[in-house]
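Student: As you go down the protein sequences, you meet chains A and B in turn.
1 is the number of the first residue of the first sequence in this note's numbering; add one for each residue after it.
1 is the number of the first residue of the second sequence in this note's numbering; add one for each residue after it.
Warning: the hint list may mix true and false statements.
[To be verified] Partner residues are not named here, just some residues of chain A that face chain B (Cβ under 8 Å, in silico):
1) Met47
2) Thr51
3) Asn123
4) Phe174
[Stated by the list, open to error] Here are some, though not all, of the chain B residues that point toward chain A, as calculated from beta-carbon distances under 7 Å:
5) Phe110
6) Gln128
7) His151
8) Leu180
9) Asp327
10) Ile537
Honestly, the hints are just simulated from the structure, not real lab data.
All values derive from a computational prediction rather than experimental measurement.
A virtual CB, placed ideally from N, CA and C, is assigned to each residue, including glycine.
Take a look at the letters that make up each chain.
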Amino acid sequence: MLTIALNPIAYTRQRFRAWWQARLPLSDTTTLTQRNVYILPTRPGFMMLATLLVLVVASINYQLNLGYLLTFLLAGCSVVAMHVCHATLRGLTMNLMTPDPQFAGASAQLRVVLTNNRNAIRNGIGLAVLDSTVDDKWVWTDVPALGSSTVNVAFQPQRRGLHHVPPLTAETRFPLGTFRVWTVWRPAAQVLVYPQPEAFPPPLPPGEPRAGGIARARLQSTGEFDGVRQYRRGDPLKVVVWKKAAKTGELVSRDAEQAQRYELWLDFAQAGKHDTELRLSRLAAWVLQADRLGMEYGLRLPGVQIAPASGESHKRRCLEALATC
Amino acid sequence: MLTRLDSLPRDTRDTLFLLAVIGWIMLPQLAHVPWWCGVLAVAVLFWRGWLAFSSRPLPRTMWLFGVLAIAVVATLATYRTVLGRDAGVTLIVVLLALKTLELRARRDTFVVFFLGFFTMLTNFFFSQSLATAGAMLVALLGLLTALVNAHMPVGKPPLIQAARTAGWMTLLGAPVMAVLFVLFPRFGPLWGTPSDAMTGRSGLSANMQIGNLATLALDDSIAMRVKFDGPTPSQSELYFRGPVLSTFDGREWRPLQPRFFGTRVQLAGNVQLQVSGEPVRYEVTMEPSNRPWLMVLDVAASPPQVPGFETAMTSELMWLVNRPVTDLLRYRAESYTHFRSGPRNIAALPPEYLQLPPDRDPRTIELANQMRADPQLARGGAPALIQAALQRLRTGGYHYTLDPGVYGENTADEFWFDRKEGFCEHIASAFVVLMRAMEIPARVVTGYQGGERNSVDGYWIVRQSDAHAWAEVWLAGQGWVRVDPTAAVAPGRIGSLQRLQPPRNVFATAFGNVTPGLAQSLRSAWEAVNNAWNQRILNYTQSRQLNLLKDIGFSAPSWEDLTFVLIGIIVFVALAGAAWTVWDRREHDPWLRLLNRVRRKLLAQGVDITPAAPPRRIATLVTARFGELGAPLAHWLLKMEQQRYASAAEESLRALQTQLRHIHWPA
Chain A
1 MLTIALNPIA YTRQRFRAWW QARLPLSDTT TLTQRNVYIL PTRPGFMMLA
51 TLLVLVVASI NYQLNLGYLL TFLLAGCSVV AMHVCHATLR GLTMNLMTPD
101 PQFAGASAQL RVVLTNNRNA IRNGIGLAVL DSTVDDKWVW TDVPALGSST
151 VNVAFQPQRR GLHHVPPLTA ETRFPLGTFR VWTVWRPAAQ VLVYPQPEAF
201 PPPLPPGEPR AGGIARARLQ STGEFDGVRQ YRRGDPLKVV VWKKAAKTGE
251 LVSRDAEQAQ RYELWLDFAQ AGKHDTELRL SRLAAWVLQA DRLGMEYGLR
301 LPGVQIAPAS GESHKRRCLE ALATC
Chain B
1 MLTRLDSLPR DTRDTLFLLA VIGWIMLPQL AHVPWWCGVL AVAVLFWRGW
51 LAFSSRPLPR TMWLFGVLAI AVVATLATYR TVLGRDAGVT LIVVLLALKT
101 LELRARRDTF VVFFLGFFTM LTNFFFSQSL ATAGAMLVAL LGLLTALVNA
151 HMPVGKPPLI QAARTAGWMT LLGAPVMAVL FVLFPRFGPL WGTPSDAMTG
201 RSGLSANMQI GNLATLALDD SIAMRVKFDG PTPSQSELYF RGPVLSTFDG
251 REWRPLQPRF FGTRVQLAGN VQLQVSGEPV RYEVTMEPSN RPWLMVLDVA
301 ASPPQVPGFE TAMTSELMWL VNRPVTDLLR YRAESYTHFR SGPRNIAALP
351 PEYLQLPPDR DPRTIELANQ MRADPQLARG GAPALIQAAL QRLRTGGYHY
401 TLDPGVYGEN TADEFWFDRK EGFCEHIASA FVVLMRAMEI PARVVTGYQG
451 GERNSVDGYW IVRQSDAHAW AEVWLAGQGW VRVDPTAAVA PGRIGSLQRL
501 QPPRNVFATA FGNVTPGLAQ SLRSAWEAVN NAWNQRILNY TQSRQLNLLK
551 DIGFSAPSWE DLTFVLIGII VFVALAGAAW TVWDRREHDP WLRLLNRVRR
601 KLLAQGVDIT PAAPPRRIAT LVTARFGELG APLAHWLLKM EQQRYASAAE
651 ESLRALQTQL RHIHWPA
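Just chain B, same shape as in the assembly (with noise of 0.2 Å):
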C-alpha cells in the first residue's frame, strides 16, 4: 500500500498517509461514540481525503466553526453536559476530525499530531486488551512515521524511510518506557473521576430483568479468573455469589434494600453463618465491572484481602467494596463450599421474602395451592414441597434454552404452563415465585456458575457466558439453603462443561466440526496470553511496586524511594552520556596519539613544532635541534612514518610505543 501511495504527489500523499492513520485510531472508537458523530467523523475524513486527491483548497475557516458549534450542541443533547468522559471522547473524535479540514499551517499540523496521541489514549477507557493494545502500537507507529515525514523537507523521500526511523526510535525509547513504567510512583485519581468512567461494560447488574441473563450468556468475554492454591472443587460447588435478588415486581428482580448503591454498606447484623470443612483459597483478578461487590465463591466467612478498599458483607452475604471495581482488580479470599446462614427462626426474617406482586401468576399461585393441598406433600412439610417442584422440573418436559422468546406479563405462569422453556433466569424466578406462593421464603441469587481450566497456564476461567441464577429457600432449622432449580431442569448445566452456545456462523462451525481441539487450544493459549497481559501490565499497581523495591533491597519503601530510584537512573544514565562525550573527544588514533605525545614532550623543550607537522618533519627539527644525541629519536620518528605510511609495515605500533619508551631522551 505504501508503494501505492507513494506514486502521488507529496502533499497529497502526506496528507492521505496522515488520514489513514486517524482513521485507524478513531476506529475503536466508533462503536463507543453516538452515531451522529462516528458518522460525521468518518463523512468529513473521506471529504478531506476527495479533496486532497483531487487538489482543491480547503473549506473556510467559518464552515469550520459552524459545524463544530453544532457538535458541541448534538453532544449537549446527547450527553446534557460536555463534560465527563463521554462527552469529552465524542468532541475530541470530532475536534480530530474537523482539524484535519485545516491543515494550513505548520502549527495545526502539530495541533493534529497532538490530539491524535489523545485520542489514542481515550481508546484506553473502553478497552485495556492486548488487541487493543496492538492496534495503537500501530497507531503510534503511524503518527510518528507521519511526523517524521513531515520533516524531511527534501524532494519526496519514500514513507518508508519515515517508518523506518520512527520503528528505530520506538525501539529505542521502549527502555524509557519500561524504566517510566516500572518506577513511576502509582497514585490514586488526583480527582475524582467522572462516575461515567466505566459504563458500556457487560456483566451481571444489580436488577435482574427477566430475559437480561440470557443477553450475557452470548458474551464470551472473561469476568474473572481465579488460580486456587489447592485442587480446584468440584464443577457443582462453584458458585460464585453476585447479587441477592428479593423482591419482585413481575418483572423485575431487585435486592431487598432500596439504597443498594449508596457509600452506606450494610453491616451483617443477623448473618448467622455457620461453616464447615475445609476452606477453599483463591486469588481472584476480576475484571472491572464498575459494580461495588466482589465475586467470592459461595461462600466467603472472612473478608478477602484486597489492596486499596475496604470490605463489608450484607446480610445477604454478598461482599461490598467501598467504590465500583473501575480496573483490574485481584484480590485473595476463603471459601467454604458447606455453610449455613440466616435466622433459625421464621420471625426473625423479613417479610419481603414471602411477598409476591399482586395480581400477577394467578395459575402459579393455584398450583401452590393444590401441591400444599396435598396431604403427602403436607405431612413432608417444606423439604417435601421443594422436591416436588423440582420433581415437576425433572418430568413435566421443561426445556433449558438460551432463545425462549419474549415473555409477557406472567412471567412464572408462562413458564410453569406455556412455554415450559427458559433460561436459568426464567426457572429461578419462576421457582422463586412458586415457593413464595407456597409460603416458602425464597429468593433469587445471582452470580457465576462453573468457569474452564485454561491447560496453558492452570489458571480457572470464568466467563460473562457462565452467568447464572438460582434460588435459596428457607427451612426453618437450617436457615438459607441453595436450591438449584437449573440443575433439575438441565442437569448438563451444573457440573459439568456443558454451556449453551449461540448458533454460529457458517466459518465457525466448519472450523469447529473440523478441528475442534485445535480450537479449543488456539483460544486456550491466546487467553494465556491474554491473562499474563493482564498479570503482569494491566495490574501492575503501587503494591507490586513496592515489593519490587523491596526484592532489591530497600526494607520499608514508599513512594519516595521510587521517586528516588528514578532520579538514579536519571542521573546515572546523565553522567555516563556525559562521561561518554569526553571520550569521544579524545584524538581516537592511536598512532595519531603516540606522535602527540612525542610532539608535546619536544614543545616542552622549546622546540617549534606546528600542529599538522609529520614525523618526518619533526625528525629534522629534532636533528637540528639536538644532533648526535637526538638520532635516537629522530630514527625512532621516521619508523613511525613508515608504520603509518608504507606499503607493509616493519613495526607494529605496539613495538614502536616500548621503544619510545627506551629511547634516551635527549635534553
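With the rest of the complex left out, here is chain A (with noise of 0.2 Å):
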C-alpha cells in the first residue's frame, strides 16, 4: 500500500510487468516472431524525427527542392531502419544451455546459443537478465550468417533453493539507433543455488572420535603422515607424493593416522548461534573448506545426514542438500 501511495505509476507499471511476463511461456528454446518481438522509438529516434522536421520546413521555407530530396531520402531510410532493426531479432532462435549450480551472491554466468538461420549477419544483439541489478548487464554479440553463437549472460542469484531462471532479454538497436526492439523470454530450466559461504569462517570444527575407535587425543598432529596408499580418484593434489610419481610414473597418496580414527562431522547444531541462513552459509564454507583439504567430512543437518566421504560428487550432495534443505 505505501508503495501504491508514494509512486503510483512505478507500482503499477511493475503490476503490469509481473502480469504480462506470467503469461509468457516457459520454453528453453525460443524462436523470436512478429508476435514477440517488440519495437518502440528510442530517444535518439525522436530527435532524428524533430531533424526531419526541421529539416522539411527549411526545405518548404527556402523552396529547395533538393532539400525535399535530402530529408524523403533520410526518412526513407530511417523507415528500412525500423524493418531492418526489427529483422534483427525477428527468426533469431534462442536456446540456453541447462545453468550449472550457482552460489548464492556470486556473479555467475547463464550460457546462451544464439542461431541464425537466415543468409544474412544478424548485427549488434545484446543480451542480459531482465530487471538485473548489475550496472553494464548487456552482453553483446552478432551472429554470422547460417551461424550461431554463444553468449555468456551475468547474474547474480540472491537466494539459495532451486528456481526458474531469471527472465531474459534480447534488444538490438541496430543499424541506426533509432528504435529499440527487444523481446522478454521466460527459459524454463531451473538453476541450483547453493548458500552463500560465509567470507571469513571460523576453522572447521575439531573430529569426533570414531565409533568403535581408539580416542587418542593427538589433535596437534593433525596432517601428519603415516604412509602411503595407491591414489584414489578424489584425493586433493597435495596429498599426492609428487616425488615417488615422477620416479616410477605412478601417482601415491599420503595416508594421515588421523584421518583414521577420527571424524570430521560438520553439524548444523554447532555452526553457530545464528539464524538458519547464517549457519548454512558457514557450513557451505566448511564444506568447501575441507574439501579443499582433501579431507573426510560428514553433514549433519535437521533430518539429513550424509555419511563421511570425500571428493567432488560429495562436495556437490553436500551442497545441493544445504542448497535445499
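Starting from two chains that each stand alone, build the complex the way the hints lay out.
Tutor: Have a look at this one:
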C-alpha cells in the first residue's frame, strides 16, 4: 500500500510487468516471431524525427527541391532502418544451455546459444537478465549468417534453493539507433543455488572420535603422515607424493593416521548461534574448506545426514543438501 | 583508404572516419562562410583528428563554451545579427566543428549526426546543382555508414560492412523518397524568408558600374534556358532585355526610377508600344537571380505566364514580378523582334534621358559639338549623327576587349580618345554619353545577347558570359530605337558564336587544341543532363504535381487530393505489410500442412495425437482406434512417411494429396 501511495506509476508498471511476464510461456528454446518481438522509438529516434521536421520546414521555407530530396531520402532510410532493426531479432532462435549450480551472491553466468538461419548476419544483439542489478548488464554479440554464437549472460542469484532461471531479454538498436527492438524470454530451466559461503569462517570443528575406534588425543599432529597408499580418485593434489610419482610414474597418496581415527562432522547444531541462513552459509564455507584440504567429512542437517566421504560428488551432494534444506 | 583506416584502433578509426565525413560536408560551405569561420572549422577538425590519432584526452567543456562565445561575437560582428540564413549557416558550421570536440556520451554522437544532416541541407542554399547533389549523396552515405558503424558494438567490424548496410538502406529508402517527393504537397514559404536568402548569386544587377559586366563575362554559368516553339530567331535578334539604365553619375548607370526595388510596381504609363511581324513563342527556365525581373526576348507585348507571380511592365519595357526570383523559374512568353515604343513627341519624354554628369568628359562634349557643327551631319539630323558615331567606332581603331584596364574619372573621354578599347559596357556607356552630348535622348539597356543551342536536348542556352549592354536612342517620329555600338566595334560579337574568351590555363588549352569537338560535345551532354535535372527535379512545383494528378484521373485536383493519395499509398503499403505477416505466420512446408490437416480431423474425432507425432505414430493410433476401417488411412500415413524420409520417394506429394481426397474416412 505504501508503494502505491508513494509512486503509483511505478507500482502499476511493476504490476503490469509481472502480469505480462506471467503470460509468457516457459521454454528453454525460443524462436522470435512477429508476436514476441516488440519495437519502440528511442530518444535518438525522436531526435531524428525532430531533425526531419526541421529539414522539411527549411525545405519549404527556402523552396529547396533538393532539400526535399534529402529529407525524404533520410526519412526513407529511417523507415528501412526500422524494418532492418526488427528483422535483426525476428527469426532468431535462442537456446539456453542447462545452467550449472551456482553460489548465491556470486556472479554467475548463463550460456545462451543464438542461432541464425537466415542468409545474412545479425548485428549488435545484446542479451541480459531482465531487471538485473548489474551495472553494465548487456552482453553484445553478432550472429553470423547461417551460424550461431554463444553468449554468457551474467546474473547474480540472490537466494539459495532451486529456482527458475530469471527472465532474459534480448535487445538491438542496429542499424541507426532510432528504434529499440527487444523481447522477453522466460526459460523453463531451473538453477540450483547453493548458500553463499561465509567470507571468513571460523576453523573447522574438531573431529569426533570414530565410533568403535580408540580415542587418542593427538589433535596437534593433524596432517602428520603415517604412510602411503595407492591414489584414489578424489584425492586432493596436495596429498599426492609427487617425488615418488615422478620416479615410478605411479600416483601415490599420503595417508594420515589421524584421519583413520577421527571423523569430521559438519553439524548444523555446531555452526554458531545465528539464524538458519547464516549457519548454512558457514556450513557451506566449511564444506568447501574441508574439500580443499582433501579431508573426509560428513554433514548433519536437521532431518538429513550425509555420511563422511570426500571427493567432488560428495561435495556436490552436501552443497545440494544445504541449498534445498 | 578504408583499409588504411581499418588498421587503426577502433575508436581512432571511427572518429577519423566521422571527421572525414564532416569535413566533406563542410567543404562546399568554406566558400560561403566568413574566413574566420572556415579557418576555425578546419583547425578544429584537424586538431580533433590529431587528438584521436594520438589518443589524447578531449579539452574541457569550459574551453568549448569560450570558443563558441567568441564565434557568436564574431558572427555578430560580421553579419550584425545571429539570425537569418548566412549567420545561421556560419553558426551551424562552428557548432558542428566544436561538437566533434565533445564526443563523450552516446547522445553527443547523435547530436553530431543530426547537425551533420542539417549542414548538408544548408549547402543547398548556395547550389542545387547535380554536382552538389552528388557530393551530398556521398556525404549522406558517409554519415549513415558512421551511424551504422556506431551501432555495431562487437569487436572491430570493417567499415565496408557498415558502408554496405548504409548503401542498401539508402537504396531501399529511395522508393519512399520518390513517392514522398512526387506527392508531398508543395506550399509557399511558411513564413517570410530572410532577405539574404539568395545573395551570392552572380548575374545582372540593377545598376551598372563601369567594369562589372566584364566580370560576368568570365562567368560561364547558365543564366537561362530557352525553348522556342518554332525555329530559333537569328542570333542578331536575340536581345534579352534586362534593366534599362538612364541616369549616369560618371561611373555608375542607374535606372530612372529611384525606387526600383520597391514592392510598388510602376505600371507602363506611356509605353506606346507598337509591334509588328510574327510573334516568337518560347518557354524560359531562368536560374534564380534574386532580382524581381524577368528576362524576355525584346520585346514581350503581353504578360509572360509566370505561375505564382504577378507581372507588370515598366515604362521602359521591362517585365517585373512581385518578388525576387529566388528559385528556378519557368515561364512562357511571346515576343516581337520588331517594335516601336515611346512617345513620338520629345516633349513627352522625361528630361533625364538627356542629362549628363556635370564637369565630366569634356573632350567627348567637345567632340559632340564638333559633330553637330558639321553642316553635312546637321542636315541629316539625328540619324546621320548616330551613323557618324558608329562609323567612328568602326574605323577609328577601336577594339573590343575583356581587359581594358581600370578606367579613371572621365570614362567616355578615355574610351573615345585614350584607350580606344573596352568591353560592351564601356562602348555602350561612351556611346550614350556622346549621344546625349549631341542632344539625342539615349539610354543604356543591359541584358543578354545571343547564346548557343545545346545539340543534345535542343535547348537554347544563355550564359552569364552572354551578358551585354547596348544603347537605345530616341528618334523623333520613331520612338526608341535599338543601337548596338558593340556591333560596330566587333561585328563578330553580335550574330555569331564568337564571345571573348578569358585566358585559359595550360591544361584546358592543350585539351581544347587536341580535341575541340570532343570538349564541345562533352560539355553539351553535361549541360543536357543538368537541364534535365533542372526541369524534372528542381523545377518540380505544385502545378506539376497537380498536373500529375490530372493525368491519373482527378478532374480538379487540389493539394488536399495530393495528401489523400499519399495517405492512400501509406495505408495500402501498411495493409500489404500486415497481410505479409499473416501469410508469414502460416506453416510453409506443404508436407507438414497436409499432415496437420489429417491430424486436426482426427483430433476432432477424439483421437489423442500429440503435436509432434510422426505419421507412423498416427497410423498406429488410427489402427488402434478404428481397426480395419482405418487401414486405408494408416496405409496412406505410411506412404506419407516414406515420401518424407525415404531416400527416393515413390509418390509425389501432389499424388498423396489426391489420394487423401479419395480415402474412405473411418467413422
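Student: If you test the structure against every hint from before, which numbers come out violated?
Tutor: Going through the list in order, the structure violates no hint and respects every one.
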